[in-house]
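Starting from the structure of chain A, add chain B where the hints point.
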Amino acid sequence: MKKWLGLGLTAMAIVAALAAPWLTTHDPLLADFVASLKPPGTPGHPLGTDQLGRDLLARVLHGARLALFIGVCTVLATAVVGGLLGLLAGFVERWPSAVLMRIADVQLSFPFILLALTINAIVGLGLRNIILSLSAAGWVVYARVVRGEVLSVKQRDFVQAAAALGVGRARLLFRHVLPNVAPSIIVVASLQFSQFIVAEAAISFLGFGVQPPTPAWGSMLSESRDYLYVAWWLAAFPGAALALTALGVNLLGDWLRDTLDPKLRV
Amino acid sequence: MRRYVASRLAQAVMVVLLSLTAVFGMVRLGGDPVLLFLPMDIQAKDVNAIRQQLGFNDPLLVQYARFMRGAVQGDFGQSLRYRRDALGLVLERLPATLTLAATSIALTLLVAVPLGLLTAVRRDTMVDHVGTIAMVLGQATPGFWLGLMLIYLFAVHLRWLPTGGTGSLAHLVMPSVVLAAFFSARVARLTRSAVLDVLGEEYVKTARAKGLTEGRVIGKHTLRNAAIPIVTLAGLEAGQLLGGAVVTETIFAWPGLGRLTVQALLNRDFPVVMAAVSFTSIVYTLMNLAVDLAYGWLDPRVRFRA
Numbered sequence: 001m002k003k004w005l006g007l008g009l010t011a012m013a014i015v016a017a018l019a020a021p022w023l024t025t026h027d028p029l030l031a032d033f034v035a036s037l038k039p040p041g042t043p044g045h046p047l048g049t050d051q052l053g054r055d056l057l058a059r060v061l062h063g064a065r066l067a068l069f070i071g072v073c074t075v076l077a078t079a080v081v082g083g084l085l086g087l088l089a090g091f092v093e094r095w096p097s098a099v100l101m102r103i104a105d106v107q108l109s110f111p112f113i114l115l116a117l118t119i120n121a122i123v124g125l126g127l128r129n130i131i132l133s134l135s136a137a138g139w140v141v142y143a144r145v146v147r148g149e150v151l152s153v154k155q156r157d158f159v160q161a162a163a164a165l166g167v168g169r170a171r172l173l174f175r176h177v178l179p180n181v182a183p184s185i186i187v188v189a190s191l192q193f194s195q196f197i198v199a200e201a202a203i204s205f206l207g208f209g210v211q212p213p214t215p216a217w218g219s220m221l222s223e224s225r226d227y228l229y230v231a232w233w234l235a236a237f238p239g240a241a242l243a244l245t246a247l248g249v250n251l252l253g254d255w256l257r258d259t260l261d262p263k264l265r266v
Numbered sequence: 267m268r269r270y271v272a273s274r275l276a277q278a279v280m281v282v283l284l285s286l287t288a289v290f291g292m293v294r295l296g297g298d299p300v301l302l303f304l305p306m307d308i309q310a311k312d313v314n315a316i317r318q319q320l321g322f323n324d325p326l327l328v329q330y331a332r333f334m335r336g337a338v339q340g341d342f343g344q345s346l347r348y349r350r351d352a353l354g355l356v357l358e359r360l361p362a363t364l365t366l367a368a369t370s371i372a373l374t375l376l377v378a379v380p381l382g383l384l385t386a387v388r389r390d391t392m393v394d395h396v397g398t399i400a401m402v403l404g405q406a407t408p409g410f411w412l413g414l415m416l417i418y419l420f421a422v423h424l425r426w427l428p429t430g431g432t433g434s435l436a437h438l439v440m441p442s443v444v445l446a447a448f449f450s451a452r453v454a455r456l457t458r459s460a461v462l463d464v465l466g467e468e469y470v471k472t473a474r475a476k477g478l479t480e481g482r483v484i485g486k487h488t489l490r491n492a493a494i495p496i497v498t499l500a501g502l503e504a505g506q507l508l509g510g511a512v513v514t515e516t517i518f519a520w521p522g523l524g525r526l527t528v529q530a531l532l533n534r535d536f537p538v539v540m541a542a543v544s545f546t547s548i549v550y551t552l553m554n555l556a557v558d559l560a561y562g563w564l565d566p567r568v569r570f571r572a
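Residue numbers (this note's numbering), protein chains in the order written: chain A, 1 to 266; chain B, 267 to 572.
Please keep in mind that the hints were generated in silico from the structure rather than gathered at the bench. Wrong hints could be hidden among the right ones.
As the list claims (entries may be wrong) - Below, a sample of chain B positions facing chain A; criterion: calculated Cβ distance under 8 Å:
#	residue
1	279
2	295
3	328
4	373
5	406
6	528
7	531
8	543
9	550
Said to hold, decoys possible - What follows is a list of derived Cβ distance ranges for each label pair:
#	chain 1	residue 1	chain 2	residue 2	range
10	B	469	A	162	53 to 61 Å
11	A	8	B	552	38 to 46 Å
12	B	350	A	3	49 to 57 Å
The C-beta atom is built at its ideal place from N, Cα and C for all residues, glycine as well.
Excised from the complex, chain A in its bound form (with noise of 0.2 Å):
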């Protein structure tokens, strides 16, 4: 039930992100005055318009763009970077892994979402800042699970037999540790990847990240709250899309999680 609840939202996100110009004929930037604030079920406008007139089913729909946009190359940053630290620490130990450690424990003694708003207000705004605030606020995570990983594979007898061998250190952290690493980055990633997407739609909410008229579902609810009196729709589906977005690749986190590795059940 999850695997497929999950696998069929998440599908459903990505068709949406990948023929978004093709599911519509709206151009999601296209202002249309005389058609503004249209209750959905408009012909022409099935969600309906925003207070510009712009179609509201092409800016959800162009919105999953840019979420699984965001949350792709965050997820692909973060996952590179803090897993290729990880391997270092957990496989040098010494003092890679202490400072990697005090990195970590000051990092996490910040809340992920307050760490993120704080480096994108800092670094600026835009598409290409927010994934950076993101990544340098989410890396953490993986560098912490992998360093872990790797200093318990290391101890296992297909290591040590691979370094009695004489295998090279290069070719025992990636040949013989880094596979049986795998698994955990790929759980951690499907894990952090809603995290993601949910803290983007946040930060752009509050007025930072992507900006008007960059159809982000964040910053349509944002514009959103000033017609709260007269336009519920253009509050409730961006969130909603937002919501079954996390929700579809939170379900296949978990059961990916289940099925490869049970023991990061938290």
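Same frame as chain A, but now just chain B:
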């Protein structure tokens, strides 16, 4: 036990000092805070005068030393916007944040622990399925969206509750429900899995075998042993809440720490940003410490190992 407490305390002090350094580094990384704060049409000589006055012309190391010296004494400088002590502004917002945090934590524990326990004990029944779905939904629903929908339903449509602000008990309802919804989902899930783990243990079977009532088996043997992960998570969430719920406070115009932080970030009022973020980080670290010390109390094994 005493050595354990001492070593954890030393570690916490270390983390706080490093976090203050990180706050300083973050704000200085963003380039010149003075330029960002001042209006665009200001004269270059005025910019320099203000930089001089705020000490931004000094070498970075001097500025760092000054910041750290001030910070450990609770002096983060004056707010650029309000011309008042930055930490004072932060502390002024504390009662509102504490009220909200306490209400939502109480709500979370009242709902989540019984729900988690119930779904675990009645595993694979209808109760479990419905409860589990509610938990998954609660966790996936972004708080700010839930907030907007509640405002629409209860403030705009039904007119039962105010849309935001503070003053009466009615103002507290929606923000605390929104915060509690997310945390309850997490705490309930964790309670469920922790209780399920413990229910499989030999000592629970023993307790049943020697004829204890189900109430005693659950209350005394199961819940107490499942408490550690629950206390950990609840403590960490409490730490997050005490730092102010940035998003929820903003939606409901709740005059707490989170909203102050967002406003200070929007206004580029960096002394207030530094004070608020440092304060949050310190509270969070202290909550972590409290959780760790609670382990020692809940689980004697931790005490003896240390």
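Quick check on residue 295 of chain B please, does its C-beta sit within 8 Å of some C-beta on chain A? Given a least distance of 6 Å, the restraint on residue 295 of chain B holds.
Residue 550 of chain B was flagged as interface toward chain A. Is the shortest Cβ-Cβ separation under 8 Å? Cβ of residue 550 of chain B sits 5 Å from chain A, so the hint holds.
Agreement of hint residue 528 of chain B with chain A interface, Cβ distance less than 8 Å: For residue 528 of chain B, the interface hint holds, since the closest Cβ of chain A sits about 6 Å away, which is under 8 Å.
Under 8 Å is the threshold here; is the Cβ of residue 328 of chain B close enough to any Cβ of chain A for the hint to stand? Interface hint status for residue 328 of chain B: violated (21 Å vs cutoff 8 Å).
Taking 38 to 46 Å as the hint, is the beta-carbon distance of residue 8 of chain A and residue 552 of chain B inside that range? holds (44 Å)
For the pair residue 350 of chain B and residue 3 of chain A, does the Cβ-Cβ distance stay inside 49 to 57 Å? Since residue 350 of chain B and residue 3 of chain A have Cβ atoms about 56 Å apart, the given range 49 to 57 Å holds.
Interface hint check: residue 406 of chain B, Cβ to nearest Cβ on chain A, cutoff 8 Å. Holds or violated? holds (4 Å)
Can you verify the interface hint for residue 543 of chain B: is its Cβ closer than 8 Å to any Cβ in chain A? Residue 543 of chain B check passes; min Cβ-Cβ to chain A is 6 Å, inside 8 Å.
Taking 53 to 61 Å as the hint, is the beta-carbon distance of residue 469 of chain B and residue 162 of chain A inside that range? Once the Cβ atoms are compared, 42 Å apart, the range 53 to 61 Å for residue 162 of chain A and residue 469 of chain B is violated.
Hold the hint about residue 279 of chain B up to the distance rule: shortest CB distance to chain A must be less than 8 Å. At 12 Å from the nearest chain A Cβ, residue 279 of chain B fails the 8 Å test, so the hint is violated.
Against chain A, run the beta carbon of residue 531 of chain B and see if the smallest gap drops under 8 Å. For residue 531 of chain B, the interface hint holds, since the closest Cβ of chain A sits about 4 Å away, which is under 8 Å.
A closest beta-carbon separation below 8 Å is what the hint needs, so does residue 373 of chain B meet it against chain A? violated (19 Å)
Violation of the numbered hints given earlier is confined to hints 1, 3, 4, 10; the remaining hints are satisfied by the structure.
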